[in-house]
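Going down the list, the sequences are from chains L and D.
With the working numbering applied, the first sequence corresponds to residues 1 to 597, in that order.
With the working numbering applied, the second sequence corresponds to residues 1 to 233, in that order.
Calculated from the structure, these hints are not laboratory results.
Please note: incorrect hints may appear among the correct ones.
List time: in silico SDA-like cross-link candidates among lysine to any residue, alpha-carbon distance up to 25 Å [said to hold, decoys possible]:
#1 Lys82(D) x Arg441(L)
#2 Lys85(D) x Asp219(L)
#3 Lys438(L) x Leu195(D)
#4 Lys73(D) x Ala209(L)
#5 Lys73(D) x Gly419(L)
#6 Lys438(L) x Lys148(D)
#7 Lys148(D) x Leu195(D)
#8 Lys254(L) x Ala209(L)
Here the structure is a predicted model, which means the values were calculated and not measured.
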Amino acid sequence: MSDLLSHFREVWLVDFEFGAGPGERPEPRCMVAVEFRTGTKLRFWADQLSCMSHAPFSTGRDAMLVAYYASAELGCFLALNWPMPARVLDLFTEFRTATNGRPVPCGYSLLGASAHFGIDGIDSNEKDEMRKLALRGGQYTEPERLSLLEYCQSDVVALSKLLPAMLPTLDLARALLRGRYMAAVARMEWEGVPIDVEQFQILQENWQAIRSRLTAEVDSEFGVYAPANRRPGESLIEGPSSFSARRFEQWLEKQNIHWPRIPSGSLALDDDTFRQMSRSYPAVAPLRELRHTLSGLRLFDLAVGADGRNRCLLSPFRSITGRNQPSNARFIFGPSCWLRGLIRPAPDRAVAYVDWSQQEFGIAAALSGDPAMIQAYASGDPYLTFAKQAGAVPAGATKKSHCQERERFKVCALAVQYGMESKSLAEAINQPEAYARKLLRLHRETYPRYWDWSQAAVSHAMLVGWLQTVFGWRFHVGAKANHRSLANFPMQANGAEMLRLACCLATERGIAVCAPVHDALLVEGPADTIEAVVRATQSAMVEASRVVLSGFELRSDTKIVRYPDRYMDPRGERLWGIVGRILADLRAQRTGTVSAD
Amino acid sequence: MTTNNRIEPGNDDQNLRHKAEIPAPLQAARSGAGNGDESNGQAPPSAPTPPDPFSPESLRLSQDFGSTLGVRKVLTTVPVRKPHKQEFIRVRAGEDWRLQTCVLEDHVSRDTYLVDKALWSALFNEICRVCLFTACDRQGDVFLWPIKLPGIDGRSNIWNDSALAAANHALSRWIRVTANMSAGSYAVFEASADLPEPAWPELTFTQLLKLAFRDRSISDSSHPVLQALRGER
């Protein structure tokens with residue numbers, strides 16, 4: 001224990017209480033900080049904190065800030081305009097990586113982590129009481145302030161017990177890198193995504209009418225929605241309707257689409273199947289978007305602050321692969337793709353979506369060291385090059401001349417990384433299973449070193465019980481581990497490492513990163529200098545790929561959107577257009593009604 | 001406005017509670033108070049160098065799972081077969097990686113048996129002379145490719161001649177071999193891509209041979225296959 005901490009002159013355990021409405025930035029209420037070794041204690045209420053130009057404790061390289069879910073504390077640093085601490089140890093991220101893949105009966109809260117290590121917590125009644133007081137907000141009396149400070153301090157006390165319990169197994173160097181990312185998360189949550197608030201309000205006000213009209217409009221091409229409990233004479237636009245599997249099956253037959261089925265023989269109607277089939281059959285995409293919109297979209301939960309920006313917890317390190325897992329309902333990149341049309345920069349501003357090109361393929365090539373795969377990535381079009389390398393298309397083939405073959409080889413190249421087998425691949429490309437088997441064989445033959453490396457990863461996991469990324473994000477594997485998940489882990493989890501490092505580099509260089517999105521960053525800047533922002537972002541992303549992939553650089557693509565344009569995900573463009581028409585109709589109806597009156 | 005405290009409060013520490021007082025004067029508390037990486041001085045000379053999250057290159061862990069654990073593919077079987085018509089193959093160069101011998105083909109089970117030299121003369125009507133070439137496919141899976149040689153009468157066959165030519169071609173190039181029925185010979189297709197050399201297993205030819213014919217070698221006349229040929233039970 002002493003060895004690890006001896007790196008630092010001071011070790012500060014820190015906790016803030018703060019208020020934050022949906023989509024709003026945090027507003028610190030109070031803070032308690034205790035120096036781990038000396039017991040020096042600092043307790044401040046918001047008015048005292050706001051008078052400070054920096055943290056009232058050491059935050060340089062020779063000091064370490066210890067917190068639980070540090071992005072919240074660091075968000076308060078930003079609210080107070082304090083410089084960020086240089087070294088952050090987040091016991092949440094370390095508890096996640098220590099237990100990732102294992103059952104955690106008490107959850108990932110500070111109380112859950114404490115229980116995991118046999119540390120007692122306060123009883124739940126006392127906790128609820130204090131939480132209610134904290135949630136109340138507004139003016140606090142002196143005794144209430146004292147109570148909240150005590151409540152805040154109790155978290156610091158818990159930290160002081162958790163730290164020594166976790167230290168013996170802590171990989172401090174890499175833990176500090178994860179702590180560095182939590183500072184980037186705080187900055188991104190602070191920034192938020194610019195939203196067209198006016199349009200958002202119009203959507204909210206008309207949502208019920210839009211839902212039923214949207215169903216009627218999209219379904220006019222499919223005819224798969226049937227009236228549900230409808231009164232006689234009521235049209236689909238007016239009344240409720242429900243998805244009919246029987247009608248959908250008829251539509252599929254007409255379209256000659258072979259749709260996956262569940263073991264009972266019924267059509268697989270889950271969203272994953274719809275998403276996968278939408279890639280193979282673009283005609284299905286509007287229906288998938290509609291179903292997702294009708295079932296999953298909770299428009300009123302989208303967290304938009306008074307400044308017109310979408311903010312929510314990015315929930316870092318929440319997935320098995322270490323990726324962020326923000327709330328689908330609160331995050332603008334969570335709901336249906338068409339709703340992303342709400343992203344619009346303010347006047348004189350622009351946003352840019354910068355994403356790595358074929359990130360997973362590039363990671364697989366670089367980490368496995370497969371020369372043919374590296375050559376394919378370097379070609380700029382790895383999927384067409386794969387087809388060429390396999391001898392399936394002539395050397396002079398182009399994306400235009402061999403579009404269909406390229407698409408099939410693309411699906412195969414991606415499917416392989418997910419451990420997909422011939423049956424599923426055949427369904428994904430709507431080809432006989434024999435063809436899918438041939439594609440998989442060609443992949444094995446073309447990229448034998450990748451296959452050896454991938455198999456070695458699975459063997460490693462099954463032998464030692466874990467896999468880890470370049471920066472030590474660990475996945476603990478049980479006896480019943482899914483070999484497909486194991487084979488895919490290095491690509492996904494190292495992709496997550498790459499994104500985290502890119503977020504660190506970009507935010508530390510002053511780039512306004514609105515949000516990280518799987519393999520992309522949404523950044524913002526003045527409309528007239530957005531190209532420079534994009535260049536800086538791409539530079540950070542190249543650097544991140546170089547570090548993670550030991551010198552191998554990944555390319556990136558960019559899409560710039562300047563005011564008054566809005567961001568548009570191509571998959572949602574059609575539905576956004578339909579919604580726009582519905583809104584125009586509704587407006588016209590209302591105007592007509594008013595005129596008639 | 002709500003207060004958002006996601007963290008469960010820990011157990012109250014009585015000592016800490018009683019020690020909780022008005023904070024020390026800011027100036028004293030802030031002794032060495034930081035403003036990021038640039039300020040706050042360096043660690044005292046006696047302190048070891050702290051880990052630096054801003055040098056992630058130095059934190060990188062290997063992703064070479066095979067080498068870190070020493071996991072390697074163990075060859076447990078070596079098929080004796082012709083190349084499939086769709087697969088690209090290579091043949092290992094060198095006299096040490098081939099063997100001229102006699103085999104017996106069981107046309108019922110489609111198995112190939114290695115026949116002991118002592119039985120050749122007695123079985124000359126049943127066996128055929130072959131050259132067993134060490135070959136592998138693009139996945140690195142090794143097999144022995146038996147190509148028939150001219151019989152005792154010296155008569156050759158265009159199928160076998162073209163197969164031998166294909167094997168010779170495969171010594172230095174990745175090829176695919178398919179039967180050209182109208183020409184009555186094998187056609188050879190060479191891979192145009194610059195494919196890497198095969199990674200041959202670390203086994204001797206004798207070891208490969210043992211794996212290939214572990215359960216399929218005929219060393220005496222009581223072998224069940226020979227009994228079956230003689231019409232015995």
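Tell me, in ascending order, the numbers of any earlier hints that this structure violates.
Numbers 2, 4, 6, 7 and 8, in rising order.
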